[in-house]
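The hints should help you fit chains Y and L onto chain U, whose structure is shown.
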Amino acid sequence: MNIRIRRFRLESFFALGALTILCIIFSIFARGFNQWATALNIFASSYAIGFLAIGVTFVIITGGIDLSIGTVMMSSALIGGFLYQNGEGLPLWICLIIIVLIGTAFGTLNGLMVTKLELPPFIATLGTMMVAAGLGSIITSVQSQRFPAPIGDSWFTRTFFRIDNFPVGAIWLFSFLIIALIVLNKTKLGRYTFAIGSNEEAVRLSGVKASNWKCIAYVISGFCAGFGAIFHAAAVTTIVPNTGQGTELQAIAAVVIGGTSLKGGSGSLTGTIIGVFFMSVLRIGLQGMGINAASQVFFTGIVVIGAVLFDIQRTKRANQVRKVKPVVQKEK
Amino acid sequence: MKKFIAILLVILLATAFLVACNDEPVVEDPPTVEEPEVIDEPEVIDEPEVIDEPTEVEEPNDDVDVSYVAVISKGFQHQFWQAVYAGARAAGETYGVAVSFDGPPSEADIGPQLEMLRSALARNPDAIAFAALDTEAALAELADAYNRGIPVIGFDSGIPDAPAGQVLATAATDNIAAGAVGADNMFPEIQDAIAAATEDAPVTIAILSQDATSESVTGRTQGFAERMYQLAGGVNDSVAIVGGLGRINTGDTDAAVIIDVTVGATPEIADMTSAALGVLNTPNLLGVFCSNEGAVMGLLATIGAGTNVPDGVILVGFDAGSAQKEAVETGLMFGSVTQDPFQIGYQAVSLAVRAARGEAVHDVDTGAQWWNSSNMHNPDIAILLYD
Amino acid sequence: MGDIRNSPYILEMVDIDKRFQGVHALNNCSINLKAGEVLALMGENGAGKSTMVKVLTGIYKADSGDILYFGKKVVFKTPKAAQIAGISIVHQELNLMNHLTVAQNIFIGREGKGFFLDEKSIVRKSAELFERLGVFIDPNEYVKNLTVGKQQIVEIAKAISFDSKVIVFDEPTATLTDTEIDVLFDIINELKSKGVGIIYISHRLDEIKRITDRVTVLRDGELVGTKNTAELEIHDVIHMMIGRVTYEPPKQTSSVPEDAPVVLEVENLNSKDVHDVSFKLHKGEILGFAGLMGAGRTEVARLIFGADKRTRGNIIIDGKAANIRSPHDAVKRGIGYLSEDRKRFGLAVDMSISNNMILASLNDYTSVGFINENKIATTSNEYVDKIDVRTPSISQIVKNLSGGNQQKVVIAKWLIRNCDILIFDEPTRGIDVGAKSEIYKLMNALAENGKSIIMISSELPELLRMSDRILVMCEGSHTGTLPIEEADQHSIMTLATLNSSINHTEEEIKQ
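Chains as they are written, first to last, in our numbering: chain U, 1 to 332; chain Y, 1001 to 1387; chain L, 2001 to 2511.
Hints are supplied without guarantee of correctness; some may be wrong.
Claimed, not checked - Simulated crosslink set (BS3-like; lysine-lysine; CA at most 25 Å straight-line):
1) LYS2054/L x LYS2073/L
2) LYS2399/L x LYS263/U
3) LYS2120/L x LYS2144/L
4) LYS116/U x LYS2309/L
5) LYS2165/L x LYS2034/L
6) LYS2272/L x LYS116/U
7) LYS188/U x LYS2399/L
8) LYS2227/L x LYS2165/L
9) LYS186/U x LYS209/U
10) LYS2375/L x LYS188/U
11) LYS2332/L x LYS116/U
12) LYS2320/L x LYS209/U
13) LYS186/U x LYS2399/L
14) LYS2375/L x LYS186/U
15) LYS2343/L x LYS188/U
16) LYS2343/L x LYS263/U
17) LYS209/U x LYS2309/L
18) LYS2165/L x LYS2192/L
19) LYS2309/L x LYS2332/L
20) LYS209/U x LYS2375/L
21) LYS209/U x LYS2113/L
22) LYS2054/L x LYS2227/L
23) LYS2309/L x LYS2343/L
24) LYS2343/L x LYS209/U
25) LYS2113/L x LYS2080/L
26) LYS2054/L x LYS2343/L
27) LYS2332/L x LYS186/U
28) LYS2332/L x LYS188/U
29) LYS209/U x LYS2399/L
Keep in mind the hints are simulated off the structure, nothing from the lab.
The following block holds chain U by itself, in its conformation from the complex:
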């Protein structure tokens, strides 16, 4: 594990360096970038995507993909908001728990489809993506749902979004990240996640219930989507039916920028979170330079391609070394 960890630290260092350079460039060229308000804005834009990206990192390391997280997040928030508004005085905190449970339920559905029914993850989660979007719309009769607005002293806002000018959500996100880091790097679940991504059949033939552990990765992804939904609701207040498509791709893009391989078997959560912030900073910085939405999407695309090129270069280099080494060993 030592080598792996060392390699990823290096990677994270590069990603972090790139993020820093980006910030420096924007602080010179973008109007109003060097302000606490901008930092708050960047945080606010990163919460929901951050949780989604952390969750989907687990799935991607197993060699799978979860396309449903975007709509699952919106759908959970939508249904939670519906209960909050139409639930006969159902307290908000119960609605929040339900939101997380709905996300987890969708994640479990994905996991079972992938492991028990042996559907390809792409197809299974693509289906769930649509099912979740549709379910949210059906339950709410295609009506937007509202959460307490981010103003005044609503405990909802103060707990999950911000207290005055302090980004409470960031505390949650980073605490969550630390827990996820521990799970991924220090527990059996994390070890099996990497092992399954590296060679699932070998894991199964080692007597490990590989499919159960893989299923758990999808459950985590769904759980994170549900958790992210709370923060999305706190930051945006109004949840519109039939949205969320595309959010999963942003989260996946962040994971890729963070250096996790879509082939599975390797990945890093610190990289993922840096990827999330990289994308928010890029978007908000470009706005500060007066560049419109279309170009923002354009640049995000460039960064994703750049990051993947990166990954390929790294793998190539690593493989060049590998070709040589076995011979050394063989010849003693």
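Quick look at chains Y and L alone, frame taken from chain U:
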């Protein structure tokens, strides 16, 4: 190291692009934007204020240096918003202020719009013109602007239900009135058929709506439905409003004249197209009112894909756009109602500049006009019809 | 050979030296080749044969030494350059595109000028090539429809289409039937007669005698010597190849007592490929599984291990019926399975040695859900020492290890899990001689310590040397079990071809 170089490359590319784009909207005053419309402006009826403005009659705070207005719209890519953008730029030129214009990719993107609003606030503009996708989501930012003394002007659909005093004025079309214009013009064509309808042989007037939440779209839908309800009620006793916009329904689905509101599953064009297909297949259809350009595009896409419009069905649209203009010109559509997007943008910035100077500002109705194949080339109408 | 000047050789590789990170892969090796001769290049795995060929064709660059081609010093930068100059390789793994036709495969990358394809001309040229080889293959046939033997002929045709002067055959007969081998040898003789020089890499000693003119043997990256085939006996070649390593003779008697307890009993095991297999495995015993390819030995192992679903049959462990439905169940009952394909089924090759070693026993290395890395390191180091895994560190990625060391990691995985029943499926496949005998020693030690072992192998000498009893299978059925005292190559092969269905399949072949 290649990695590092790659990142550097991306960043370099980004900066190069930024520097290239940079000077246009924000930093400098717009240098060479050609806006012949502005010159024609005085002919347009609805806005006496603007014409007077350049002479600056009131000038109570001329010493206040207004240099930068941030405009946050509800969209960007759509032709309508590009026309608003053109109006905003023209006003910026008139007043000698820099104008930035941001809008989210789609009208469901409340989060991204909030991000743009926050980002605009961080730039310390002298005033903000804002068309809210969702007022409640933006309450904190509105309060922030208010506390910092940055005047906020609403435009287009405005900032409905904003806390008192936080939005100084709105430049917008009166959507209910605009929708009624559509009903007024459609009704004479279908009056006889409405009068002849019975509960055993009912007729339907359909409304195709892209959205059940946006104030502007639902306002027009409501304006059309209620005016049509009123007009039809004059010639037939049994009229009902039914369908996807619950709050205006009158409930009686067995009526002789049914005004049926269809809302697309999502605002996406594909969903509008399938909604339009359903509308065109309604039995005994007399007319269809599309409450924005998106709905018109859905309808035209359906027709373009081979669905026939039953004989005698009157198609009435809203807004403009090249496809709709062609459909009206060829007679496929009976006519349409237009707002004045250029005026919306122009008035929004103009209100913002004056508010920033400390002048008193009031709501401006940017107007709605009926247009059809016979008047669409008149100069005063043509100017309102963006491509 | 170095003193021959203006020699008859068309190709000379002189004093080739190649190091990988300081380790000698080739230490001053020289070979030479005449026009119209077949030179056998022999040696155990890792002796340096492939490295030599890779240096010749430009995949590796030699650290020192010269390549003389028709007397001129050459350095090929890429295999393509070597091919154009007239040096081609027919690889053991065929590099053909199944969904293209024979002609399209032969002329891939050389379709001619212009944007549009001239299919007719490549078909005609392909037909000419086959004519030269004296075989008929339809150039318009899709490669996927050809037998392996014919696919190989396509590769050869591709090689001679470059007008090759030197063709290297890398274990060409490994996957061929006897008839196909005859055709191949006819072709080689044909090429010989046309003056093509051939380097022939093979492990099959009988073939060497049959087809080659001279033999060059490498061992551990060094040249052992070159002899005329006619002057050599097979045991000479073996001696040259093996050098210091001595093969142990077959086991004479079993040391497992008659009344040793039965640890595993299999009753009427059935599946699609396995028919009514029953046997008993005693404590401390090595039970060999012999049979031809496709006899169902691996299938039996996978059924016992729960990797595949059995349709019928009982598995009894230590006298108790074991309801094994998944590898998880099998491992819980103390069965470990070492697959014949380590990389696919045995190892997470991108992970470290220590992570692979504890993969089956991670539960024992967690406390309150957290992984105890120190405990893992201690155990891993212990086993690296114990079974002599050659690696700089336990955090080495398994992909970087040699086959023998990878196999040891898999063995360690099951030892750490403390399995009592170990199923070794082709444990020495792809492993060099030295490592092989270490694996044998390890297996013997395990049996002595009371572990019970099923050993599946296609190498009869290996089975005869290791097993206490040999169970023989044919076509999915158990055809007999031989105590080691009665087992020899002849008796095993008789049982391995005993099944009546064999005749049936032969008839099918005739059709």
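- Quick check: which numbered hints come out false for this structure? Of the numbered hints, just 21 does not hold.
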